[in-house]
Amino acid sequence: MNLSRLRSMIRKEFVQMRRDPATLRLVLIVPVIQLLTFGYAIRTDVRNLPTTVFDQSHTQESRAFVQRLTATGNFVQRGEVRSYAEALRQIDEGHVRAAVVIPADYAQNLKRGRTAPVQVLVDASDPSASQSAIGAAQLVGQRLNLEIVQSRVGAATTIGQAIDVRVRPLYNPALKSSVFIVPGIIGMILSNILIIITALTVVRERETGTLEQLIVTPLAKWEIMLGKIVPYVFVGYIQMTTVLVAGHFVFGVPIRGPLLALYGATFLFIVANLGLGLFISTLGRTQAAVSQTAMLFLLPNVLLSGFMFPREAMPAPAQWVGALLPLTYYLQLIRGIVLKGVGLTELWPQMLALAVFAVLFFWFATRRFSKTLE
Amino acid sequence: MSDAAPVIEVQGLTKRFGKFTAVDDVSFTIHRGEIFGILGPNGSGKTTTIRMLCGLMTPSAGRASVAGADVGTQPDQVKARIGYMSQAFGLYRDLTVDENLEFYAGVYGLGRDSGRIAWAKQAMRLGEIGDRLAGVMSGGQKQRLALASAMMHEPQVVFLDEPTAGVDPAARRMFWEIIRERAAEGTTMIVTTHYMDEAERFDRLAFLTRGHLKAVGTPTEVKQAFGGGTLEDIFVSLQDAEA
Chain A
57 MNLSRLRSMI RKEFVQMRRD PATLRLVLIV PVIQLLTFGY AIRTDVRNLP TTVFDQSHTQ
117 ESRAFVQRLT ATGNFVQRGE VRSYAEALRQ IDEGHVRAAV VIPADYAQNL KRGRTAPVQV
177 LVDASDPSAS QSAIGAAQLV GQRLNLEIVQ SRVGAATTIG QAIDVRVRPL YNPALKSSVF
237 IVPGIIGMIL SNILIIITAL TVVRERETGT LEQLIVTPLA KWEIMLGKIV PYVFVGYIQM
297 TTVLVAGHFV FGVPIRGPLL ALYGATFLFI VANLGLGLFI STLGRTQAAV SQTAMLFLLP
357 NVLLSGFMFP REAMPAPAQW VGALLPLTYY LQLIRGIVLK GVGLTELWPQ MLALAVFAVL
417 FFWFATRRFS KTLE
Chain B
78 MSDAAPVIEV QGLTKRFGKF TAVDDVSFTI HRGEIFGILG PNGSGKTTTI RMLCGLMTPS
138 AGRASVAGAD VGTQPDQVKA RIGYMSQAFG LYRDLTVDEN LEFYAGVYGL GRDSGRIAWA
198 KQAMRLGEIG DRLAGVMSGG QKQRLALASA MMHEPQVVFL DEPTAGVDPA ARRMFWEIIR
258 ERAAEGTTMI VTTHYMDEAE RFDRLAFLTR GHLKAVGTPT EVKQAFGGGT LEDIFVSLQD
318 AEA
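Quick note, the sequences are listed as chains A and B, same order.
The first sequence begins at 57 in this note's numbering and counts up by one.
The second sequence begins at 78 in this note's numbering and counts up by one.
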């Protein structure tokens, strides 16, 4: 271990990074663009959820409720059904994505000042699409409540809840929200950009011939490797913080759990990805070949890690592949910490998995790196 | 020119890749301050020999010691005591002259204020261009910068792999001037080249073909061993024999 050698290596990487504005842009601006793209795409595609109505009340009041609901723009009425079972079947078969169930005594309850329950069934298998529908339904309930309660105050009746809109999310009872996506974006951006950049930085040294000069110096292989990744740990932290802050202010993502735990978990995740990037860089001799190989790893990252689709819904082989991706564990960590506010007492298995990945990838990479130099 | 002290001793050095023998039972000795040429057509085993002497490859058989360290068992000591200048410009084009030198100073454990960077720039005629990016320099300047970073840590042995390929005559002349200055001060220079006019002026030479050592000695001795002719004639005849 020689700190002076390592320090020289790290300083050199930083200077090179500064000289390369294209990469700097990639590193700092792309995360924000991706955040905005993903964040807004998810907001806009949830309008006009096809909805059926099971109205047992058949009153002016019940029709007014449905009208208020469709006026939000989240729901579009597609016919009516005559039974609860039929409503469920229509959702099952995918004809509609939501159903409003109004009990027979709805109007009566309202008139008598009792709480009138209404049920809204929502297909929540696509959590990002269902979330705003659910929110809208609840909001309609609250608004109507307020109006009705206020009118009752005028009539000097007791203040209470008038309409009780009960939303029952089907298939996805944990009710994953749309803010769900932002922590996921952090994980995916860190993973993809860090893998590509590290994979390219080593192969670039090979292509330009500077690696040949490096290996005849007393620099140890792992010193070269470590020197390459340390600067990108900083880059990773900058990216993560940027997206987290932007996500908080633009999309209102709460940060409920301990930040220290989040940054600790992120460290392991960054190192694991850098190790993977280094490993990929040893699989090819040109930048073109290596970026192709990197793509091979990036696609499963997006599709199988649980970033886009819930892992629970995947067939077993896809779940196995997902279990080999650091991103899978990091997503559980960051969502747990940021959204649910849990700490490392609950999430230590994921931390352990990331630590194992970090050590393994780095070890593999150094081994293969040595071999390719012979 | 050659002091008695051998700085490189090679005995029965052999490297096999599977069934192919790239270097076969090669032995020679190089003395302190010598300019020693390793010559031969492409594929003759020059590069493999040099890679073994630099501690980058482990010999399959035989042994070699460089500046007192065994290349097979002490590659790290070897690396600390040698300098290496690759055929392709091996420094960072996106760093300045000073930044490149500072980087290699750090890699070889030289303090920033050891004065070695200033020495290197002065000795390699790089005085006024410290803040220029290496990528925009002329071929001759690049070559001298590469030599500077290979010699900053005062290595006992410097390996030069086709150092003057693609450099104009004036720059070549300046380069050899510097090499002879450094050799006169006791640094041993191991050179591969395709320019036989340069090789004529080396202290001693080794000719390799197909992994075998054909001749070793002063240019005159080598020419006699091949029965006369110029070095270029010998080189061409060896290359024809290959083909």
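Incorrect hints may have been included.
[Unchecked claim] What follows is a set of in silico ranges between Cβ atoms, one per label pair, in the way DEER data are often shown:
{"#": "1", "chain 1": "A", "residue 1": "277", "chain 2": "B", "residue 2": "196", "range": "26 to 34 angstroms"}
{"#": "2", "chain 1": "B", "residue 1": "175", "chain 2": "A", "residue 2": "311", "range": "43 to 51 angstroms"}
{"#": "3", "chain 1": "A", "residue 1": "277", "chain 2": "B", "residue 2": "89", "range": "35 to 43 angstroms"}
{"#": "4", "chain 1": "B", "residue 1": "106", "chain 2": "A", "residue 2": "81", "range": "55 to 63 angstroms"}
{"#": "5", "chain 1": "B", "residue 1": "202", "chain 2": "A", "residue 2": "311", "range": "55 to 63 angstroms"}
{"#": "6", "chain 1": "B", "residue 1": "93", "chain 2": "A", "residue 2": "415", "range": "43 to 51 angstroms"}
{"#": "7", "chain 1": "B", "residue 1": "307", "chain 2": "A", "residue 2": "82", "range": "30 to 38 angstroms"}
{"#": "8", "chain 1": "A", "residue 1": "339", "chain 2": "B", "residue 2": "106", "range": "55 to 63 angstroms"}
{"#": "9", "chain 1": "A", "residue 1": "301", "chain 2": "B", "residue 2": "195", "range": "40 to 48 angstroms"}
{"#": "10", "chain 1": "B", "residue 1": "104", "chain 2": "A", "residue 2": "86", "range": "55 to 63 angstroms"}
{"#": "11", "chain 1": "B", "residue 1": "195", "chain 2": "A", "residue 2": "81", "range": "50 to 58 angstroms"}
{"#": "12", "chain 1": "A", "residue 1": "86", "chain 2": "B", "residue 2": "274", "range": "51 to 59 angstroms"}
[What the hints assert, rightly or not] Residues of chain A placed beyond 10 angstroms of chain B at every Cβ, according to the derived structure:
{"#": "13", "residue": "114"}
{"#": "14", "residue": "269"}
{"#": "15", "residue": "270"}
{"#": "16", "residue": "272"}
To be clear, the hints were calculated from the coordinates, so they are not data collected in a lab.
Keep in mind it's a predicted model, so treat the numbers as computed, not measured.
Glycine included, every Cβ here is placed at the ideal spot set by N, Cα and C.
So, going through the hints one by one against the coordinates:
The given range of 26 to 34 angstroms is respected by residue 277 (chain A) and residue 196 (chain B), whose C-beta atoms sit roughly 30 angstroms from each other. At about 44 angstroms, the beta-carbon gap between residue 175 (chain B) and residue 311 (chain A) stays in the expected band of 43 to 51 angstroms. Taking 35 to 43 angstroms as the suggested C-beta distance range, the pair residue 277 (chain A) and residue 89 (chain B) does not conform, at roughly 29 angstroms. A hinted range of 55 to 63 angstroms holds for the C-beta pair residue 106 (chain B) and residue 81 (chain A), which are about 56 angstroms apart.
Residue 202 (chain B) and residue 311 (chain A) have their C-beta atoms about 59 angstroms apart, which keeps the hinted 55 to 63 angstroms range intact. Between residue 93 (chain B) and residue 415 (chain A) the beta carbon distance is about 35 angstroms. The supplied range of 43 to 51 angstroms is therefore violated. Evaluation of the 30 to 38 angstroms hint for residue 307 (chain B) and residue 82 (chain A) yields a failure: the beta carbon distance comes to about 56 angstroms. About 42 angstroms separates the C-beta atoms of residue 339 (chain A) and residue 106 (chain B), a value inconsistent with the hinted range of 55 to 63 angstroms.
A C-beta distance of roughly 46 angstroms is found between residue 301 (chain A) and residue 195 (chain B), which places it inside the suggested range of 40 to 48 angstroms. Between residue 104 (chain B) and residue 86 (chain A) the CB atoms are about 58 angstroms apart, so this pair conforms to the stated range of 55 to 63 angstroms. Checking the proposed 50 to 58 angstroms range against residue 195 (chain B) and residue 81 (chain A) shows it is violated: the Cβ atoms sit about 37 angstroms from each other. Hint check: residue 86 (chain A) to residue 274 (chain B), Cβ distance near 54 angstroms, so the stated range 51 to 59 angstroms holds.
With a closest Cβ-Cβ approach of about 76 angstroms to chain B, residue 114 (chain A) is found to remain outside the 10 angstroms limit, as its non-interface label requires. Distance check for residue 269 (chain A) against chain B: the nearest CB is about 3 angstroms away, which does not clear 10 angstroms, and the non-interface claim fails. The Cβ of residue 270 (chain A) does not lie farther than 10 angstroms from every Cβ of chain B; its closest approach is about 8 angstroms, which violates its non-interface assignment. Chain B draws residue 272 (chain A) into its interface by the beta-carbon criterion, the shortest separation being 4 angstroms against a cut-off of 10 angstroms.
In summary, the structure is inconsistent with hints 3, 6, 7, 8, 11, 14, 15 and 16 from the numbered list given earlier, while agreeing with the others.
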